[in-house]
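Q: With these hints in hand, go ahead and build the complete structure from the sequences.
Those protein sequence lines, which keep their order, are chains D and V.
Position one of the first sequence corresponds to residue 1 (our numbering), numbered consecutively onward.
Position one of the second sequence corresponds to residue 523 (our numbering), numbered consecutively onward.
These aren't lab readings, by the way, just hints derived from the structure by calculation.
For each residue, glycine too, the CB sits at the ideal point set by N, CA and C.
Check the hints yourself; a few may be wrong.
So the derived label-pair ranges between C-beta atoms look like this [unchecked claim]:
{"hint": "1", "chain 1": "V", "residue 1": "Ala692", "chain 2": "D", "residue 2": "Glu286", "range": "46 to 52 Å"}
{"hint": "2", "chain 1": "D", "residue 1": "Lys453", "chain 2": "V", "residue 2": "Pro602", "range": "42 to 48 Å"}
{"hint": "3", "chain 1": "V", "residue 1": "Thr794", "chain 2": "D", "residue 2": "Glu456", "range": "51 to 57 Å"}
{"hint": "4", "chain 1": "V", "residue 1": "Gly834", "chain 2": "D", "residue 2": "Glu483", "range": "52 to 58 Å"}
{"hint": "5", "chain 1": "V", "residue 1": "Ala558", "chain 2": "D", "residue 2": "Thr61", "range": "43 to 49 Å"}
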Amino acid sequence: MNRPVLPRAIALGAALVLLLQPVVAANAAENLLSHNKPTTTSSVENASFAGNYAVDGDATTRWASEEGSDPQWIAVDLGGAATVTKVNLVWEAAYATEYKIQTSTDGAAWKDAKSVKGADGGSDEVTGLSASGRYVRVYGTKRATAYGYSLFEFEVYGTRSGGGDVDPPSTPGNLRATSSTADSVSLAWDPASDNVAVTGYEILRNGNVVGTSATTTFTDTSLASGTSFTYTVRARDAAGNLSAASAPVQGTTQPGSSTGTVLVIAGDIAKPEIPSEHTKTAKLVEGIKPSYVLTVGDNQYDKGTLSEYKAYYDKTWGKFKSITKPTPGNHEWDDNLKGYKSYFGSIATPQGKPYYSYDIGDFHFVALDSDPVANSSSSTTEQVNWLRNDLTANKKACVVGYWHHPRWNSGQYGDDKTIAPLWNEFVKARADIVFNGHDHHYERMKPLNSSGKVDEANGVREAIVGIGGDSLYTQIDNREGVEKSFAKHGVMKFVINGKSYSWEIIGTDGKILDKAGPYTCR
Amino acid sequence: MKTKLSITAIAVVLLAAVAFVYIKQAKANDPRDMPADVSVAVEPGPVTLTDPGRLVFRNEAPGPDHGKVASVSLADPQGPRRVGQLRCDRFYTAAGRGLCLADAPGPLPSATVAFTDAGLVSQKSVDIAGIPNRAKLSADGTVASWTTFVTGDSYARTGTFSTRTGIMTADEVDTNIEDMPLRVGGRQHRADDVNFWGVTVAADDRTFYATVATGGQTHLVKADQQAWQAETLRENVECPSLSPDGTRIAFKKRVAQDGARPWREHVLDLRTMVETPLAETRSVDDQVVWLDDRTIAYTLPGPEIWAVPADGSGAARLLVRHASSPSAGYASGPSSQLPTPSGSSSK
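A: This is the structure:
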């Protein structure tokens with residue numbers, strides 16, 4: 001039950017700049033007025049998607065209205081009268097094609113500041129406004145999908161007017177990264193000034209607020225090792241006025257202590273409706289600097305055509321194409337692998353087929369094409385025979401399999417019996433670990449046997465890494481053997497070292513979301 | 523920070539007030555908090571699924587026992603009911619075992635599905651996504667199947683809902699059978715919009731029938747749980763229910779695209795593939811149950827449980843008021859045990 005197909009164009013460049021650093025570009029007279037201010041909404045899909053998530057400065061959380069009804073709206077109370085000059089909207093896949101920006105002095109009577117028609121989702125920067133009011137709302141009148149309206153971020157810029165302290169602090173200067181460890185970055189900046197007093201600073205990592213500080217220093221912790229992040233800082237006063245964000249600075253954590261070869265693994269990546277997400281995961285890969293990138297299918301939506309690959313995947317994950325060892329998913333098969341094969345060229349079929357194997361150190365990697373197996377088409381036997389022969393011929397101590405459809409799964413698709421012929425070969429071969437995608441969440445399981453029961457002696461580990469950028473599936477009912485699961489975008493940093501392996505899952509905010517291993521090969 | 527704190531404080535107070543009013547209203551609307559309906563006679567005694575000649579159902583009478591599994595004598599279904607302690611949104615019994623599908627708390631629609639023993643004690647259970655909709659056991663009580671709504675909550679408008687259907691045995695759980703390879707009209711079918719619902723398992727505990735919707739059309743499918751393959755048999759068949767002798771399927775057939783009566787309950791003879799409309803002319807939105815080889819029972823709005831002959835003859839008759847989700851796992855008797863039609867009419 002995938003979301004409906006919504007072919008359309010996206011101003012990718014604009015989205016990239018806006019999403020990564022949504023508050024950097026503000027000019028001095030234009031300050032963010034909406035951050036963490038009270039919101040009201042016409043409805044919410046459920047408590048996980050309340051209105052405050054649209055103004056929290058965290059582009060991984062969002063507001064979503066109830067599904068299937070018009071109009072729907074979200075309003076923010078700026079705390080006092082203001083002149084509104086700009087509104088930034090970052091839509092989830094459930095976006096509005098028609099909406100209005102409205103302002104109000106009392107939260108009851110609304111005036112249109114701007115009517116938008118033919119919108120295409122992604123990121124909308126509505127500039128050149130000259131509206132006034134204490135309340136600003138986005139009033140959606142036409143949905144792009146059968147779902148509701150959903151905003152990752154709703155930012156109102158302008159200047160406060162009227163009584164009380166309406167002057168924001170000056171912009172903090174000279175932001176610098178002073179030191180770093182394998183999992184932290186320390187920052188310092190020059191103090192800002194205010195007509196009353198600066199009460200503190202907010203620190204943003206890759207455009208998301210990650211902490212506050214009462215002083216002019218901050219240490220950001222629990223970060224992925226050997227990774228670069230972009231930081232900005234803004235000042236606030238007692239009245240809640242926010243300064244513009246400082247000039248950005250790069251902070252980089254030290255390489256991890258572990259030696260070995262670093263690979264990145266993820267799947268379900270480039271979704272045209274939400275380019276921000278695979279842009280962010282590609283940025284993580286850039287920071288990790290892996291030797292190889294392994295994909296577990298559905299690299300490009302919606303049909304994995306060459307033009308879609310060129311328009312989206314190539315502009316983000318395409319940077320790592322020469323070190324990529326891909327597998328196709330069901331969406332690549334929607335185009336009969338035509339786009340996949342022409343985009344990746346010989347990388348897609350290094351041994352003539354969309355399934356292949358290769359060795360790195362003591363590890364044997366097997367890349368499979370699971371969609372024909374999941375659909376029981378006639379070509380299945382050939383691949384399974386090839387797999388059996390390949391695993392029999394293997395001389396390496398460690399065996400890793402990866403493909404799109406998981407055999408065991410706590411997400412929406414559940415366990416998939418059709419994949420048993422692949423899984424059972426890995427069990428028989430005493431393989432170590434299998435990575436999959438298809439469901440859009442992360443989970444890690446104890447070694448499971450061919451019946452899906454925990455079996456430390458004879459089972460194979462499995463992890464689902466369908467978190468590369470498509471809309472997440474948040475409802476996970478853990479099956480037997482699950483050690484950890486969540487629905488957040490990110491990538492797996494997989495490290496092989498001699499005959500052992502370990503991994504970290506790194507979220508788009510740069511934080512480590514899970515650590516597994518080290519495990520010794522069987 | 524003073525301004526921010528006071529805004530937060532006001533917001534907290536307002537939210538608390540709103541929550542309080544909401545909870546008060548929700549409580550007032552909860553049938554469990556309504557006074558018990560004295561017209562519904564209750565007799566003491568446990569609900570035991572191995573007791574012969576009992577019709578088991580979900581008690582819908584307002585009062586503290588609303589939603590609990592109950593039973594009445596099939597010989598006197600409008601007589602006093604016994605009420606157990608287990609609360610389910612959908613319940614089914616066969617061969618002395620039970621299957622309870624119950625709403626679970628949480629921000630997202632969630633449910634728990636559990637096998638129960640004859641004394642309604644939960645055995646193996648799994649947490650699943652969605653709003654409870656259908657639940658059924660195979661005739662020997664060993665294979666459980668269920669359907670939940672994961673988007674929307676009504677079958678009334680096609681394309682606006684999405685279902686999740688699972689199957690569970692003592693040692694296997696599949697929370698979503700949608701990945702089962704499907705042949706439509708003899709050809710392998712590949713589509714993202716496939717929805718399964720309303721499973722009914724045959725006596726061999728591996729063959730099952732179900733509804734599949736894809737491309738805006740509903741189909742009756744016959745599937746093999748071991749071979750993991752399904753193929754379509756016929757169009758416009760929803761919520762199939764296999765007769766105890768395995769020769770016929772009762773199902774709801776869409777007879778109008780919308781309106782008050784979208785479905786008419788039919789019986790399909792699997793030997794001749796002849797469909798017979800049943801005497802019940804009201805729209806039945808249920809996966810009906812067979813009380814014996816000649817009689818089906820189902821829930822109608824009220825909710826009330828009604829029965830009608832399975833051969834198109836006779837008339838519908840009321841079995842139990844304030845009740846839903848009927849089943850009779852230990853009916854063990856001819857349908858003549860059921861009361862003859864009363865003055866109630868289906869017209």
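Q: Confirm or reject each hint.
A: Results for each hint:
1. Remark: the range hint 46 to 52 Å for Ala692(V) to Glu286(D) is upheld by a beta-carbon distance near 50 Å.
2. Checking the proposed 42 to 48 Å range against Lys453(D) and Pro602(V) shows it holds: the Cβ atoms sit about 46 Å from each other.
3. Checked against the given bound of 51 to 57 Å, the beta carbons of Thr794(V) and Glu456(D), roughly 55 Å apart, stay inside it.
4. Roughly 56 Å separates the CB atoms of Gly834(V) and Glu483(D), a value that falls within the hinted 52 to 58 Å.
5. As the Cβ distance of Ala558(V) to Thr61(D) is approximately 45 Å, the hint placing it in 43 to 49 Å holds.
In summary, the structure agrees with every hint in the numbered list given earlier.
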